[in-house]
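Enquirer: Below are the chains, spelled out letter by letter.
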Amino acid sequence: MTTTSSGVVPEAVPEATGAEAGRRPPLVSVALAAGLGLACEILLLRLFSIVQFHHTAYMVISLSLLGYGASGTLLAVTRRWWMTRLRRLFPWCLTLFGLSAVGCFAVAQRIAVHPEELLWSPGQVLWMVVLYLLLAVPFFFLGLSIGSALMGFSVDRVYAADLGGAGVGTLLVVGLLWVAAPGDALRLLAVAGLLAALVGAWELDRQTLGRTAFLLLAAVGIYLVPSAWVDPQPSSYKGLTQALRVQGAKLVEERSSPLALVSVVESGEVPLRHAPGLSLAAPQGPPEQVGVFVDAEALLPILRWQPERLEYLGYSTAALPYAMGEPEEVLVLGAGGGVEVARALHHGAESVVGVEIDPQIVDLVRTEYGEFSGDLYRRPEVEVVVEDVRGYAATESHRFDLVVLAAVGGYGGGGPALAALAESYLHTVEAFDAYLDLVEPGGLLTATVHVKNPPRDAVKLAATAIRALEHRTESDPAASLALIRSWQTATLVVKRGRLSAAEIEGLREFGRERFFDPIHYPGMSEEEANRYNRLPEPLFHRAVASLFGAERDRFLERYKFDVRPTTDDRPFFHQFFRWRTLGELAAARGSGGLSLLEAGYLVLIVTLLQAVILGFVLIVAPLVVLRRDGAAGLRGRVVVYFGALGLGFLLLEVAFLQKLILVLNHPVYSAAVVLASFLVFAGLGSALAPRARRLWGDRAVLWLAAGIIGVGAGDLAVLGAFSGAVAGASMTARIAFTISLVAPLAFLMGMPFALGLGALKERAEDLVPWAWAINGCASVVSPIVATLLAVHHGFGFVVLLGLAAYAVAGFCRIRPVRTAAAAPTPSP
Amino acid sequence: MPLVALVGLLVVWLAPLAFGAKATAAPQSHENQRAELVRTVEREMESTRTYHGREALDPAVVEALGTVPRHRFVPEDQRRWAYDNRPLPIGHGQTISQPYIVALMTDLLDLEPDDRVLEIGTGSGYQAAILAEIVDEVYTIEVVEPLHERSSALLAELEYDHVETRLGDGYYGWPEVAPFDAIIVTAAASHVPPPLIEQLASPGRMMIPVGSRFMVQQLVLVTKSAAGEISLEQILPVRFVPLTGDHD
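If you read the protein sequences in the order shown, they are chains A and B. In terms of our numbering, the first sequence opens at residue 2 and continues consecutively. In terms of our numbering, the second sequence opens at residue 1326 and continues consecutively.
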């Protein structure tokens, strides 16, 4: 757990003694360091998204805690040596943070780790370890600086500076990401580290002309580092990199925000022709396109408006709803570069509303590519709303003839297999329920996905829609749902009401003319399922048919991929892996069996293993080597208590971070608000822990655990009931909602660790570093465990497990030595 | 999480380490390594034959696999794995496919010696070389200039004189020499380019491996009948049935 930004808890450090006692603490530099720590975590989320395939929040949190934990262990084993040199070392730690922030990232992004290559090259695992260690280094130096300040000076004031700095740093970095590209933000944070070193030296009376000159030179050096070193360089397998390798292609513009890095690619000699699932019967390919890449991967093309070249829009499975009716009012959720808006207009829609979360993309289509796109987003019949899709769905009351959930074009070198752990709240039961509310009775909802063989995505899409329809109990799902496929895409259509004979005939004719196979429609026979895109057996049809029958649960259980409906609690639409198939897939390695594994999931497993090993080696092992056997009898209890707290804290923190993405619309916003809230309020709780002890004596932890379980369960209920509804409120209201959920829980969660350490200091002070290390190690592993469990069992389960960890801590608490002051207060 | 499964995954990873160590300890000639690779691929074909309908590899494909020096088509730092049955990175974000997949794709094209074959996406040039061992005319197009230059030079050096290479856009095929008895689209394609359908002979076969750089998930085989009718098959290269019971 982190009850200060550095992972150091005031109660873990000895009283300020010796030369520094009573001296003015370096408050400004501590505040700066704490702010930089959280800012670095948020920035790393963005950098991971751009360089690799996912923001991997679990890895960022884990590696930062590894850095902090290792610094804590170093401080614990070198305490005396360190204290005599504190004033000299403190500014150096901050200097090294500044230098390593840029240096380590520059080296790290030269390490080519590709998740899929992991399956073939075990050596890649070692590179992942190097990457993980390198990125932990800046946090190690920050941990040393804040931890040593806490050891050497007045704890209360340093602590306050630490918490305040962390909160402000989080807000500033989100603001910074609106105005600075990620690479520039990294330079700025590094220079801020050097500034903190300068301020720290000044605060500790260690400023010299030489140091000032050195720091200035270092700052200049950071700005002289070539852009290619610090600007995130997407993996060579990402879609953007691939597109730019094509002869004549050039990057014409980049726009950056906390939401995404948007890159615009114009192709010269070899045009971009993105038309997934285009029928073999298509008379022509797509018109000229400009490629808009989001975080260097998802491709959202902008079409040149050439009415005579738009016929291809009717030859993808996504055009199915237009073959089943003539919608006049169309809503496109995830408008992107406008392909689905163009498809609606091409098919005669009278008005189209597009919803797009990223204002940068909307602005591109409106301005730079206004003329190119035929002023698509300025047409009188088109309205574009810049908003999160779920937020829009929660608040919009108008109903449309057709609601289109646009497919995200991740068809580059990576593909959805790498996005296995990318949470998506767009394809969940709750989301479909909300989308159906936007559909006029008798109207249609449609969604298109990229399909894999054997069937996975299309089956999960159908399962999710069926569950949503069952919740609504408006009509029989089997009578309302139709699904069609090409060899690349599948399109689902859900009607609010029963599909009519005319609509079904429209579907059949559409399929016949374009060589698409129906997967399901009311009254369909198996003979129709496998005519044009032939599989050895009609697997898609049979799988989806199983979702309607009495055998559904048995089918979902037996199917070798996880195609259970996706929910807001388990929003991993692209994750299909089941452990029981591992042996079979591994045995078929030689014939391509590993292609059926989700590589993103594999990264999670590798990260877990390396976190366990590195956490032990860097945090626990040094203390084991240097241990003193003063209170061996208490050691087991210390392991359980502090291990449970480390696990519990991070399980809850990560679960809330992930769940609140739905409320705050984006992982970066969620990380900023949730991490800062947990830190600040747990810190306050930690500071006030002695009061709890005075109030409840040695039962304080038990009561606190009960309180945490009560508040945590309450939060879970509130989130389940209101998170969808809150998603449509103003950002201020959503942040307030988040803080109101997190604050009481974090406040209580901050206390047991401080109380345990306080008690341990009384009973066996030698075990304090040991407790700290166990807790640190558990904290490093816990974020990854949280994600792994969430993939299979949902975030609700992770929250319950986190609460259970607190229950364990409550029962295995470290009892303080009973003194008059610590005696329990009689109950009133 | 089942611990056994976790250990299983570790074994999957570490097995190649052990295999690699063995190979390094006892270096074999490239001919021997190729022969071993052919045996491996034939074993894989045997185990998957009911899934793609092929009893065994065409002898011409076996011969090609045993002849083409795969180690010449991969970067120096990857050569020690050149004859492992696995994909390898070749730079520029591209890979050379797993030999089993190369063999299966080539086999499924049902090539005859006098066939004319078009390849879209030359990459390393290995697939073109395999094709050139079997047929008289191979035309291959690459859009990434450094890859084109490297593969063209290598194919020339290895005296594959009947392989014509071109730098450029593969979307429009190679109309000057169309029609083609077989077309293989190894470049990532979001759809089948209509011009390629037109340039496919009647009868003719077009193969499109679908997946990511390192993983071919399925093979799409487009067939044009003698009467010009188009049909499409989605072939899973691996023996895998997604629903066979609780304990398969």
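Keep in mind that a hint or two might mislead.
[As the list claims (entries may be wrong)] Label-pair restraints from in silico Cβ distances: (1) A:T213 / B:P1400: 45 to 53 angstroms; (2) B:D1486 / A:E372: 48 to 56 angstroms; (3) A:V131 / B:P1400: 55 to 63 angstroms; (4) B:A1481 / A:E309: 52 to 60 angstroms; (5) A:V108 / B:E1356: 38 to 46 angstroms; (6) A:R581 / B:E1356: 51 to 59 angstroms; (7) A:R581 / B:D1486: 48 to 56 angstroms; (8) B:A1551 / A:E510: 24 to 32 angstroms.
[To be verified] Simulated pairs of lysine to any residue, SDA-like, Cα-Cα distance not exceeding 25 angstroms: (9) A:K251 / B:L1492; (10) A:K251 / A:G371; (11) A:K762 / A:L790; (12) B:K1549 / B:E1523; (13) B:K1549 / A:R532; (14) B:K1549 / A:L281; (15) B:K1549 / A:A707; (16) A:K762 / A:R158; (17) B:K1549 / A:E514; (18) A:K762 / B:Y1496; (19) A:K762 / A:R695; (20) A:K251 / B:E1523; (21) B:K1549 / A:F723; (22) A:K762 / B:R1379; (23) A:K251 / A:V226; (24) A:K762 / B:G1416; (25) A:K251 / B:Y1496; (26) B:K1549 / A:V363; (27) B:K1549 / A:K762; (28) A:K762 / A:E538; (29) A:K251 / B:Y1497; (30) B:K1549 / A:R158; (31) B:K1549 / A:V226; (32) B:K1549 / A:G371; (33) B:K1549 / A:R274; (34) B:K1549 / A:Y533; (35) A:K251 / B:K1549.
[Claimed, not checked] Sample of chain B residues facing chain A (criterion: CB under 7 angstroms; computed from the structure): (36) P1400; (37) E1470; (38) L1483; (39) Y1485; (40) H1516.
Keep in mind the hints are simulated off the structure, nothing from the lab. These numbers were taken from a predicted model, which means no experiment stands behind them. Glycine included, each C-beta is placed from N, C-alpha and C at the ideal position.
Enquirer: Now, for every hint given, state plainly whether the structure supports it.
Expert: Hints, verified against the model:
1. A:T213 / B:P1400: 45 to 53 angstroms: holds (48 angstroms)
2. B:D1486 / A:E372: 48 to 56 angstroms: holds (49 angstroms)
3. A:V131 / B:P1400: 55 to 63 angstroms: violated (21 angstroms)
4. B:A1481 / A:E309: 52 to 60 angstroms: With a Cβ separation near 43 angstroms, A1481 of chain B and E309 of chain A fall outside 52 to 60 angstroms, so the hint is violated.
5. A:V108 / B:E1356: 38 to 46 angstroms: holds (41 angstroms)
6. A:R581 / B:E1356: 51 to 59 angstroms: violated (41 angstroms)
7. A:R581 / B:D1486: 48 to 56 angstroms: Taking Cβ atoms as reference, R581 of chain A and D1486 of chain B lie about 52 angstroms apart, which means the hint holds.
8. B:A1551 / A:E510: 24 to 32 angstroms: Given about 28 angstroms between the Cβ atoms, the range holds.
9. A:K251 / B:L1492: holds (18 angstroms)
10. A:K251 / A:G371: Distance of about 19 angstroms is within 25 angstroms: holds.
11. A:K762 / A:L790: violated (35 angstroms)
12. B:K1549 / B:E1523: Holds. K1549 of chain B to E1523 of chain B sits at ~10 angstroms (cutoff 25 angstroms).
13. B:K1549 / A:R532: holds (15 angstroms)
14. B:K1549 / A:L281: Given pair K1549 of chain B, L281 of chain A holds - Cα atoms ~12 angstroms apart, limit 25 angstroms.
15. B:K1549 / A:A707: violated (71 angstroms)
16. A:K762 / A:R158: holds (21 angstroms)
17. B:K1549 / A:E514: holds (17 angstroms)
18. A:K762 / B:Y1496: Between K762 of chain A and Y1496 of chain B the Cα gap is close to 73 angstroms, so the pair fails against 25 angstroms, i.e. violated.
19. A:K762 / A:R695: Cα-Cα ~16 angstroms, so holds.
20. A:K251 / B:E1523: violated (31 angstroms)
21. B:K1549 / A:F723: violated (56 angstroms)
22. A:K762 / B:R1379: Cα-Cα ~73 angstroms, so violated.
23. A:K251 / A:V226: With Cα atoms ~24 angstroms apart, K251 of chain A and V226 of chain A stay inside 25 angstroms; holds.
24. A:K762 / B:G1416: violated (57 angstroms)
25. A:K251 / B:Y1496: holds (19 angstroms)
26. B:K1549 / A:V363: violated (43 angstroms)
27. B:K1549 / A:K762: Not satisfied, since the Cα-Cα distance of roughly 81 angstroms exceeds 25 angstroms.
28. A:K762 / A:E538: Violated, at roughly 68 angstroms.
29. A:K251 / B:Y1497: holds (21 angstroms)
30. B:K1549 / A:R158: Violated: K1549 of chain B and R158 of chain A sit about 79 angstroms apart, past 25 angstroms.
31. B:K1549 / A:V226: The given pair, whose Cα atoms are some 57 angstroms apart, is violated under the 25 angstroms limit.
32. B:K1549 / A:G371: Violated - the C-alpha atoms of G371 of chain A and K1549 of chain B are around 42 angstroms apart, more than 25 angstroms.
33. B:K1549 / A:R274: Given that 25 angstroms is the threshold and the Cα spacing comes to 24 angstroms, the pair holds.
34. B:K1549 / A:Y533: Holds. K1549 of chain B to Y533 of chain A sits at ~13 angstroms (cutoff 25 angstroms).
35. A:K251 / B:K1549: violated (37 angstroms)
36. P1400: violated (13 angstroms)
37. E1470: holds (6 angstroms)
38. L1483: Nearest chain A Cβ about 25 angstroms off; hint violated.
39. Y1485: Hint violated; Y1485 of chain B Cβ to chain A Cβ min 23 angstroms, cut 7 angstroms.
40. H1516: holds (4 angstroms)
This entry does not satisfy hints 3, 4, 6, 11, 15, 18, 20, 21, 22, 24, 26, 27, 28, 30, 31, 32, 35, 36, 38 and 39, going by the numbered hints stated previously.
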